[in-house]
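K.L.:
Take a look at the letters that make up each chain.
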Amino acid sequence: MLLEVENLTVSYGDILAVRNLSFVLDQGELVSIVGANGAGKTSILNAVMGIEPSKSGKILFNGEDITRLPVHERARRGIRVVPERSRVFPRLSVYENIITGVYRLGKKVAVQTRLEWLYGIFPRLEERSGQLASTLSGGEQQQLAIARALISDPRLLLVDEVSMGLMPKLVDQVFALLRQLNKEFGLTILLVEQNAMASLKISDRGYVMEVGTCAFEGAAADLIEHPKVKEAYLG
Amino acid sequence: MSSYAITILTLIVIQAIVVCGLNVIVGYAGQISLGHAAFFGIGAYSAALLSTRGGLSFWIALPLVLIISALTGLLLGLPSLRLKHDFLAITTIGINFIVQAIFLYVPFFGGALGISGIPRIQVFGEALKGAHFLYLCLFFLGVVMAICWLFTRVFAGLACFALREEEAAATSMGISPVRFKLLAFMLGTVFAGLGGALYAHYMRFVSADDFSFPLSVSFLAMLVLGGMGSLLGPLVGALILGALPELFRPLAEFRILFYALMLLLMIRFQPGGILGESSLIRKRLFPLFLRRQP
Ligand SMILES: Nc1ncnc2c1ncn2[C@@H]1O[C@H](COP(=O)(O)OP(=O)(O)OP(=O)(O)O)[C@@H](O)[C@H]1O
Ligand SMILES: [Mg+2]
Numbered sequence: 039m040l041l042e043v044e045n046l047t048v049s050y051g052d053i054l055a056v057r058n059l060s061f062v063l064d065q066g067e068l069v070s071i072v073g074a075n076g077a078g079k080t081s082i083l084n085a086v087m088g089i090e091p092s093k094s095g096k097i098l099f100n101g102e103d104i105t106r107l108p109v110h111e112r113a114r115r116g117i118r119v120v121p122e123r124s125r126v127f128p129r130l131s132v133y134e135n136i137i138t139g140v141y142r143l144g145k146k147v148a149v150q151t152r153l154e155w156l157y158g159i160f161p162r163l164e165e166r167s168g169q170l171a172s173t174l175s176g177g178e179q180q181q182l183a184i185a186r187a188l189i190s191d192p193r194l195l196l197v198d199e200v201s202m203g204l205m206p207k208l209v210d211q212v213f214a215l216l217r218q219l220n221k222e223f224g225l226t227i228l229l230v231e232q233n234a235m236a237s238l239k240i241s242d243r244g245y246v247m248e249v250g251t252c253a254f255e256g257a258a259a260d261l262i263e264h265p266k267v268k269e270a271y272l273g
Numbered sequence: 064m065s066s067y068a069i070t071i072l073t074l075i076v077i078q079a080i081v082v083c084g085l086n087v088i089v090g091y092a093g094q095i096s097l098g099h100a101a102f103f104g105i106g107a108y109s110a111a112l113l114s115t116r117g118g119l120s121f122w123i124a125l126p127l128v129l130i131i132s133a134l135t136g137l138l139l140g141l142p143s144l145r146l147k148h149d150f151l152a153i154t155t156i157g158i159n160f161i162v163q164a165i166f167l168y169v170p171f172f173g174g175a176l177g178i179s180g181i182p183r184i185q186v187f188g189e190a191l192k193g194a195h196f197l198y199l200c201l202f203f204l205g206v207v208m209a210i211c212w213l214f215t216r217v218f219a220g221l222a223c224f225a226l227r228e229e230e231a232a233a234t235s236m237g238i239s240p241v242r243f244k245l246l247a248f249m250l251g252t253v254f255a256g257l258g259g260a261l262y263a264h265y266m267r268f269v270s271a272d273d274f275s276f277p278l279s280v281s282f283l284a285m286l287v288l289g290g291m292g293s294l295l296g297p298l299v300g301a302l303i304l305g306a307l308p309e310l311f312r313p314l315a316e317f318r319i320l321f322y323a324l325m326l327l328l329m330i331r332f333q334p335g336g337i338l339g340e341s342s343l344i345r346k347r348l349f350p351l352f353l354r355r356q357p
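Read top to bottom, the protein sequences are chains A and B.
Residues in the first sequence are numbered consecutively from 39, following this note's numbering.
Residues in the second sequence are numbered consecutively from 64, following this note's numbering.
Some hints here could point you the wrong way.
Pairs of lysine-lysine, DSS-like flavour, derived with a Cα cap of 30 Å [stated by the list, open to error]:
hint	chain 1	residue 1	chain 2	residue 2
1	A	221	A	96
2	A	268	A	207
3	A	268	A	221
4	B	147	A	96
5	A	207	A	266
6	A	93	B	147
If you want a taste of the chain A side facing chain B, the calculated C-beta under 10 Å gives, among others [to be verified]:
hint	residue
7	91
8	109
9	137
Don't read these hints as lab results, they were simulated from the structure.
Since we're looking at a predicted model, the values are computed, not measured.
Where a beta carbon is used, it is the ideal one built from N, C-alpha and C, also for glycine.
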């Protein structure tokens, strides 16, 4: 298993955002976590990345216990996140934003080749490479956040609400890209989405969250057909 | 140039060096510091003690002064790892008062009498004074600005900027907040220490009053006026705020009131400084000259 989360609890003061959640990700899997607003999806990703401390539970990455590791140490081990609302660095240029992702990787990455590859996928970023990130549109910032996460050739990609603010055509394109990264390059991806249908469609497995706990889990194809899931999330 | 003008200019250049240091901490790394005069003072007292009681020449003592400044910067930069915004501001003010009190009350630092008899700096067997001392200060300002320029172009600078903008996102990219905030703090205090050493050898006398909290406020005012995070900002801010009280004598008495007022006005109306990205001057007067290259 690449990622094992056991009995994870995340809380903000008295608010319990995630309760005793366990889930796993195998190497090369694409897994979705879907759920309504406030179900705790972002909190899960933040706990895996280390941005939010886990109140209890255990997080293993590639067999190593990373529960107490600081954020940047987890990043060094190959975890990258495309955060909710992109969180690009507004007063850095597009190019500089992408380059922040290549610090101390502990392995050789052909940065220039990967940069060209990413510019090929997001030509808009190449056109604007010298521009401040704050001047990009919301959708362009989202693309930038994806490029910033992918430049380092991560082992595990956490993606939070990537479809937010993207135009429908680009949503399809980004989901297709995630699928391609997963299938062709074997990148392990944990996808968090409200757009449950779109994300389950490209996933191997899925977890359905309900206020802090997992209500269902299973193969993505089965979840799409599950009457309860259909009723609650897919409309 | 009259010797009066040279004196004013020398002090302005020394302050510009110190404000460059503050710029690394506040402008580049986004940490608030309201106690920068303390580090200016630590540099000045180190230089004063090493050259009087230690009997060392300025050039031998300088590396030691810079190391002492770096170490105290490292130590006192530690709070910046845990504290944010107003708490950090208050803590740095506290550091300023504590350091000043130590200078004043610990006999080793000369107490209320301060330290006098600091020798002039020798270059090729000649004691520097007047315009020659000014040239030396300009030389050091050039070095400091070159280092600042370099810093914004290497990864460490990028890392500081990223932490300043979005700390969680920056650490998620693998950037260690501890390493780079402390690095910024250290570099900033080293520049303050350098300025302090020059100040000590120029005045040839230091006392605790020279490094009080109001001086920290004026350093910050200079930085905010000139533009946080810009390369020329510290120099421009030090020039304007250093020269104004000399040009308009009545201002001198109300210097601190004036600085504080200016700080508030700048933060309200031109938060990027008069040379900042969206400032009137930059937009209207220097559209090409000052733009930051990607
Ligand atoms: N910083 C915080 N302080 C206090 N409560 C928080 C904080 N962040 C999240 N919460 C609470 O924790 C719960 C889970 O939030 P979380 O952001 O994980 O939900 P989510 O599933 O990502 O929702 P969305 O789909 O809207 O992004 C919510 O009830 C939220 O109000
Ligand atoms: Mg969320």
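K.L.:
Does each hint fit the structure? Answer for all of them.
P.N.:
Quick rundown of the hints versus the structure:
1. For the hint pairing residue 221 of chain A with residue 96 of chain A, the CA-to-CA distance comes to about 29 Å; that is within 30 Å, so the pair holds.
2. Restraint check: the Cα-Cα separation between residue 268 of chain A and residue 207 of chain A comes to about 24 Å, which is no more than 30 Å; the hinted pair holds.
3. Of the supplied pair hints, the one linking residue 268 of chain A and residue 221 of chain A holds, its CA atoms being roughly 26 Å apart against a limit of 30 Å.
4. Under the criterion of a C-alpha separation no larger than 30 Å, the hint pairing residue 147 of chain B with residue 96 of chain A is consistent with the structure, at around 29 Å.
5. Among the hinted pairs, residue 207 of chain A with residue 266 of chain A is consistent with the structure: their alpha-carbon atoms are about 29 Å apart, no more than 30 Å.
6. Our distance criterion of 30 Å between C-alpha atoms is met by residue 93 of chain A and residue 147 of chain B, whose separation comes to about 23 Å.
7. With a least beta-carbon distance of about 13 Å to chain B, the hint placing residue 91 of chain A at the interface is violated under the 10 Å criterion.
8. The beta carbon of residue 109 of chain A comes within 4 Å of a beta carbon in chain B, closer than 10 Å, and the hint placing it at the interface holds.
9. The beta carbon of residue 137 of chain A is positioned within 10 Å of a beta carbon in chain B (closest approach about 7 Å), and the interface hint is therefore held.
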